[in-house]
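Visitor: Below, each chain spelled out in residue letters.
Number of protein chains: 2
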Amino acid sequence: MVKIMYVGFGIVSQGLAEIILEAHSILPTLKKTEIQTVAILDTMKGSKMDANGINMQEILANAQKGDYSLLTENILDVPKAIQEVQADIIIEASFTDIKTGQPAISHIEAALHSGKHVVTTNKGPFAVAYEEIFKLAKERNKTVAIEGTVISGTPIINVLNTGLLGAQITAVSGIMNGTSNYILTEMESGMSYEKALSQAQELGYAEADPTSDVEGLDTLAKVLILGNVVFNTQLLQEEIEVNGISKITLADIKEATSNNMRYKLIGQVWKDSQGKVQGAVRPKLVPMEDSLYGISGATNALKITSSILGDTTIIGAGAGKTETGFALYNDIISIVNG
Amino acid sequence: MVKIMYVGFGIVSQGLAEIILEAHSILPTLKKTEIQTVAILDTMKGSKMDANGINMQEILANAQKGDYSLLTENILDVPKAIQEVQADIIIEASFTDIKTGQPAISHIEAALHSGKHVVTTNKGPFAVAYEEIFKLAKERNKTVAIEGTVISGTPIINVLNTGLLGAQITAVSGIMNGTSNYILTEMESGMSYEKALSQAQELGYAEADPTSDVEGLDTLAKVLILGNVVFNTQLLQEEIEVNGISKITLADIKEATSNNMRYKLIGQVWKDSQGKVQGAVRPKLVPMEDSLYGISGATNALKITSSILGDTTIIGAGAGKTETGFALYNDIISIVNG
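Protein sequence lines correspond, in order, to chains A and B. The first sequence runs 1 to 338 under the numbering used here. The second sequence runs 1 to 338 under the numbering used here.
If you are wondering where the hints come from, they were derived from the structure by calculation, not from laboratory data. The model shown is predicted, which means the values in this text are computed figures rather than measured ones. Some hints could be false.
To be verified - Label-pair ranges, simulated between beta-carbon atoms:
(1) A/G115 <-> B/N232: 34 to 40 Å
(2) B/N232 <-> A/G10: 31 to 37 Å
(3) A/E131 <-> B/Q201: 48 to 54 Å
(4) A/Q64 <-> B/E207: 56 to 62 Å
(5) B/N232 <-> A/Q57: 50 to 56 Å
Stated by the list, open to error - To give an idea of the interface, some chain A residues facing chain B are shown, with a C-beta separation under 10 Å as derived from the structure:
(6) P287
(7) L309
(8) T312
Just so you know, even glycine gets a beta-carbon here, dropped at the ideal spot from N, CA and C.
Whenever a hint applies, use it, and build me the whole structure from the sequences.
Guide: See the structure below:
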């Protein structure tokens, strides 16, 4: 039996809860472990705790109607509650702030200090405090699993940490923001930037405030995480050149197409000729023979270049409730399997 | 310190030996483990054993000149030698026979019976005796690692076994033979099948006898392995429809191109509507929006379809000395890391 608690009960947490429910609360681990939810903490929607297990079917059925009245408790000191609840793993899915990483950092620290593993899709903490968090996790002998922070619909972190271990990676570059890639793709068929953006919003790809997506800040957070995962280096946000797609015109796109090129918002980290790790986020002209050329719409992709294997490219869904929920689910399975 | 022995010392084993040498015989594992070669067994080139470690630099320098005179011993009972040598891991890289799986199966059994782990790129044993081998490995509490059996230049097996665990995979299809994909790509620029084949042979992609590549038998072996890895089912060779690319004409290719399609030799396994696992190898017309459409030349790719993530595609080098050597290297690292 593994006991989990949700910190933040938005779309991502609900995606995970649905996957667990569909699997009848049994993890496909070696020993078919039962999984039980003992707490939901959400400062906006409300909270609920039950050491004997919360009836998640009921909670989810109500959540689908936007009804959170079953979350009756009003808990504001979340770190304290995280410490006090008896659970094995916290699901950290609170609000992402890539400038400060808070309040998620305090949630993660509270979990580690009270002997809990952490699984999360929250990019904020790892964009600013990757090293500190993993140092603390090591001291406490607990796992912090972050598969969902970079391209949730693909096992990128898993591949970088295990499958390509020893391949001598020299660069990683990718299309890691579905909203901007969707806009660029639509502009290729002649749609204006403004129209494509509002369409992305209608489809639920882009937030009401799309700045983070179209100006490259979301991609920046992923670049900062990749710098740590791939090169073990904390890049500084202020040292990274970040350009979004909002200045790309239809004329630019047309010219690219006529040259058999496509504009893509590319996030990348690489080792320069002096061995220094660099990062950048910018729109780039991608030629036809590049494995990132064919990535259309809201799809994401990461190209990993290594001395031994050349290019390995992984393509998949970039986000979405189920995909992001799955990243958390897979991380939980890994923790339970040891 | 981990001690390894090579069984078969052809191009694949030499690729691994070079990677190890370049890493100064230190594995990038958590504890920076030293790796030592204690035996090379090759019934054609000769054998050598040294419990204190063989000087691999010397062996490889000579091998580059086609000189194997340092392999002075003539060992014909390979299973017996495998049992007797004190080693932690055997590198099984002998001749592949997908009809019988021998002599590799006897090598793997000898290793497991004498308490050794196995890493291999040899498809033969797993095309016919996957279940028996993994049953024996489990009984003996040893690992049999097979990353190199399917698309050596990418971490496919790793992704299927861990990164996508729980994603409810329903189908896997891919371009898993570089030679045939190279030929099909060249034919698109108007080259005849015969000319493209001989060019593939000149470039070292195709063997002197290219039957296994162009008639789909190499892909069949990978399909049989995927059936086991993905669906835990031993498909039978005789029940799988296998068609190669040798009957595709330039006219077929031209027609496909004019319809914005490309012929690809696709190996696939899937669950049919009755839940029965099926396999097939055949040339298929792939439309532009398919993630396998853009795979040209000797590149390989696998598209994994799951209920939760939709399509995840992994693209990379298909084979080659270094890539195949790396698959073995990565498997050794995983074993040492536990």
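Visitor: So which hints don't hold here, by number, going up?
Guide: Violated hints (numbers, rising): 5, 6; every other hint is consistent with the structure.
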